[in-house]
Structures are given as C-alpha cells and as structure tokens.
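J.: Sequence:
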Amino acid sequence: MTTFRERQDETDFFWEQDELLRTYRGVVKKIVPRAQHMARKHPRLQKEISESTLRKAINGDHVWEPIAQLLAELRREVARDPRPACEPPEIPETIDAFRKVALEYAPNTWWYRALALDDLCKPSSFQTWMSRGEPKEWPAVRERAVAWRLRVMSALERWERCAREQFDRFEMLDTWVKDVHDTRGEVAALQEFKRLRDYETISYHMCFDPANPERPQFEFRHRKDESEDAAALKKLVDAGFPRYRADDPKPETHEVVTTFQNFVSDDFRWEWSSQVIVERTLRWDAWTRGMARTDRLLKVRVKVPSSLAVEGETIEQDRRRVWIERKAEWYYEFTPYVWRWRDVDEHDIPGGADARDEAMRRAGLDAEGREPVIDGYLLDCIPPIEKIEPGRVYTVE
1 MTTFRERQDE
11 TDFFWEQDEL
21 LRTYRGVVKK
31 IVPRAQHMAR
41 KHPRLQKEIS
51 ESTLRKAING
61 DHVWEPIAQL
71 LAELRREVAR
81 DPRPACEPPE
91 IPETIDAFRK
101 VALEYAPNTW
111 WYRALALDDL
121 CKPSSFQTWM
131 SRGEPKEWPA
141 VRERAVAWRL
151 RVMSALERWE
161 RCAREQFDRF
171 EMLDTWVKDV
181 HDTRGEVAAL
191 QEFKRLRDYE
201 TISYHMCFDP
211 ANPERPQFEF
221 RHRKDESEDA
231 AALKKLVDAG
241 FPRYRADDPK
251 PETHEVVTTF
261 QNFVSDDFRW
271 EWSSQVIVER
281 TLRWDAWTRG
291 MARTDRLLKV
301 RVKVPSSLAV
311 EGETIEQDRR
321 RVWIERKAEW
331 YYEFTPYVWR
341 WRDVDEHDIP
351 GGADARDEAM
361 RRAGLDAEGR
371 EPVIDGYLLD
381 CIPPIEKIEP
391 GRVYTVE
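1 is the number of the first residue of the sequence shown in the working numbering; add one for each residue after it.
If you are wondering where the hints come from, they were derived from the structure by calculation, not from laboratory data.
The beta carbon of each residue, even a glycine, is placed where N, CA and C say it ideally should be.
It is possible that some hints are incorrect.
No more than 27 Å apart at the CA atoms, straight line, and that leaves these computed lysine-lysine pairs for DSSO-like [stated by the list, open to error]: (1) K178 - K250; (2) K327 - K387; (3) K122 - K100; (4) K29 - K56; (5) K122 - K136; (6) K47 - K299; (7) K47 - K30; (8) K41 - K29; (9) K56 - K41; (10) K178 - K234.
For each label pair, taking beta carbons as the anchor points, the in silico distance ranges come out as [unchecked claim]: (11) G133 - C162: 39 to 47 Å; (12) I324 - P216: 52 to 60 Å; (13) R326 - H62: 26 to 34 Å; (14) P33 - S154: 25 to 33 Å; (15) R164 - I382: 22 to 30 Å.
Taking the hints into account, I'd like the entire structure generated from these sequences.
T.: What follows is the structure, given as structure tokens:
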C-alpha cells in the first residue's frame, strides 16, 4: 500500500464526484476497490492507492494529478458501462433476507429516498425496520422495491444500448440506417439518421443513477445543420450505403501469434514498440457485425544486461538514455545487452490510442527531468534495457 505525497506543481482535483457517487449510491467505500484495481494498471501510478487518499480526492481536495485523472477515468468507465457497479439485487420475499442484500447495496437513507417511502413511514421508522422486526407495511415496501428494480434493469438496457450507439455510430451508421430503410421505409430511415447524428452534439455525459433510473443519459446541443439531413441521407441511398455490413456470422477462432505492441513510460511521455506473444481470440459481434478481437499478452521480448548472457546468445549493443542529475540533462550511453523473452507482468502497460490521447491533452506540459511532448504526440524511444528486479526471472529462449 502506497500513500502519495502531493507535489505542489502537480496537483489537481476531481470535480465530478457527484456524478460518480450517484452510481455508487453515495458510498465512497464502494468506489475504492475498483479505483485501487485501476491504479495498479495506470501508467503513472502502477501502485495501490490508500483509501484515505481516494476519499480525499472524492471529497474535492487537491491531490496528486494522476489520482484525479484516475477518478476521471473511472467516471468515464461507469458512465459507459454502469451495470457492474450498480446492477440491483433480486428482491427477496422476506424482510430478513431483504435487509442483508439491501444494506450491502446501499444505506438505509438511500433506500428510503429511492423507494419514495415518505407516505408509508418516517425515516426513523424505516431505519428501525431495517434492523429488526417485520412491520405490517413490508408488503407495500417490497412491492415498490420490485417495481423499482424492474425500472432499473430496463433503464440499464437502454443505457447500454445508447452508450454503444454513441461509440459505434460512425462505423455502423450505414448499416443501421439501411436496415430501417429496407424494412420500414424512407421516413423511418430519416428519423433513424437524425437520431444517430444527434450523438454528435452531446454536451454532457451523465452517470447512471439507480435512485433515478429515468434520468436522461445525455444532454444535446441544438444541431444547426438539421436541414441537411434529408440531402445527406439521399446521398447515402444513392451511393448504395457503401459501408453496409451484412449479418454473416463467422465461427470463433483462437490462436497464439507473435506481433508488436506499443508500451508507454510511467510518465506517459515516451513510447516504444516491443515484440510480444499474445493469445488472440476472434468472436463474432452481432452488434457491429464483425469479428471482435481480444488479445491477452503472454510474453514480451526485452533487453537485459549482457552480464546475464549464456553460451550461444548474441551480445548486441545499443544506446540507453540516462538522466545526469548534476548536469540536469540527458545523454546517451552505449550498453551491451542480450534479447530475452519473459512473462508479462503488472508493470507492462500497453500503450496506443489512449496513451496518445492523454499525451495530446497534456501537450506542451513539462516536468522536472523530462522533455515536453512534441506536437501533442508521444516521443519515440528505443526499447529500454530492463533493470534486474528481485523476484523477476529471465528465461533463455
């Protein structure tokens, strides 16, 4: 467990705590496990953050900048896929069983407001029921809880569909609009076309609130070019929907392949390409009508000091970038090494589009001992020579 000391020149605050807390029913403790898991895989953290530090960040205090960024990433994750965080429990028949699952899900006060029980009892009475006894009002409370759960499950399905539509709309617009055009006609196709184009005008992405499942998911700005929709749709029809995808399922495949993967430095400023071995799975995705690829990294090819070389291995030489503290500058030294394969571990953080997006957002920023990002992109560097860490075993392959 590591507690980070704030640096005055690298502090920030997480300002969307209200949105994140809606999904987690106002309970900070429910946020902590997921945030700690994400922190271990975060390029700038790669360590577990203490609960007290996370509470401080969620309370709106200034914290070390990567921690505020981590919570912003978590908010985006639950906004896009809220079900793992807030899918409600089944409502049991008895109040004794209900107490257990209900209090694991949310506090008494949350349930009282979510089920709108003010016409049945006072808050103090409900709090007493949730600790002992079986009041005569229990059937009415359960009826409301069951109805509430049905509304939440239905809202989650709508939420997930909208999130996927918003994410996949550019790739799938031709397909979805053509399906409507072929089955329901041109008027319906125009409505579908307008609806999908509205996603381009999202001004704010809400978090799911199980206490208010009918809460709007998006806020939209007015589209000024709505009068051009009919002409744009006609152009698509005349072109024959060139990006249309037929519903033609393919069988699932599995293979182990050797390829290249970009990795990023801890400070998100440098990237290099390393040879990796991955277990690749291709599954048919009926939503996008294509093969969805999942890669699980198995091994990565790294450079290790030549002192570890064994007979038959080729010693090569490459330059290594070294920071000289007393001169406050970088220089390159030539270092001998050998290539080795090793198992992937938690420090191997793949980089790609997400890393570039983060680097672009932080373009021009500088930090002690580092050069700034150039033109909003990560700087390339040669694969670093691995440090020999206790417990890490390098195999000869």
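J.: Would you mind marking each hint as holding or not holding in the structure?
T.: The hints, checked one at a time:
1. As the CA atoms of K178 and K250 are separated by approximately 22 Å, the hinted pair is consistent with the 27 Å bound.
2. Straight-line distance between C-alpha atoms of K327 and K387 comes to about 23 Å, which keeps the hinted pair within the 27 Å bound.
3. The straight-line distance between the Cα atoms of K122 and K100 is roughly 21 Å, inside the 27 Å bound, and the hint therefore holds.
4. Under the criterion of a C-alpha separation no larger than 27 Å, the hint pairing K29 with K56 is consistent with the structure, at around 12 Å.
5. Straight-line distance between C-alpha atoms of K122 and K136 comes to about 14 Å, which keeps the hinted pair within the 27 Å bound.
6. Restraint check for K47 and K299: the C-alpha separation of about 22 Å stays at or below 27 Å, so the hint holds.
7. Distance check on the hinted pair: K47 and K30 sit about 19 Å apart at the alpha-carbon level, within 27 Å; holds.
8. Restraint check: the Cα-Cα separation between K41 and K29 comes to about 20 Å, which is no more than 27 Å; the hinted pair holds.
9. Between K56 and K41, the direct Cα distance comes to roughly 21 Å. Compliance with the 27 Å bound is thereby established for this hinted pair.
10. For the hint linking K178 to K234, the alpha-carbon distance of about 12 Å falls within 27 Å, and the restraint holds.
11. About 42 Å separates the C-beta atoms of G133 and C162, a value consistent with the hinted range of 39 to 47 Å.
12. For I324 and P216, the hinted distance range of 52 to 60 Å is satisfied, since their beta carbons lie about 56 Å from each other.
13. For R326 and H62, the hinted distance range of 26 to 34 Å is satisfied, since their beta carbons lie about 32 Å from each other.
14. In this structure the hint that P33 and S154 lie 25 to 33 Å apart at CB holds, the actual value being about 27 Å.
15. For R164 and I382, the hinted distance range of 22 to 30 Å is not satisfied, since their beta carbons lie about 39 Å from each other.
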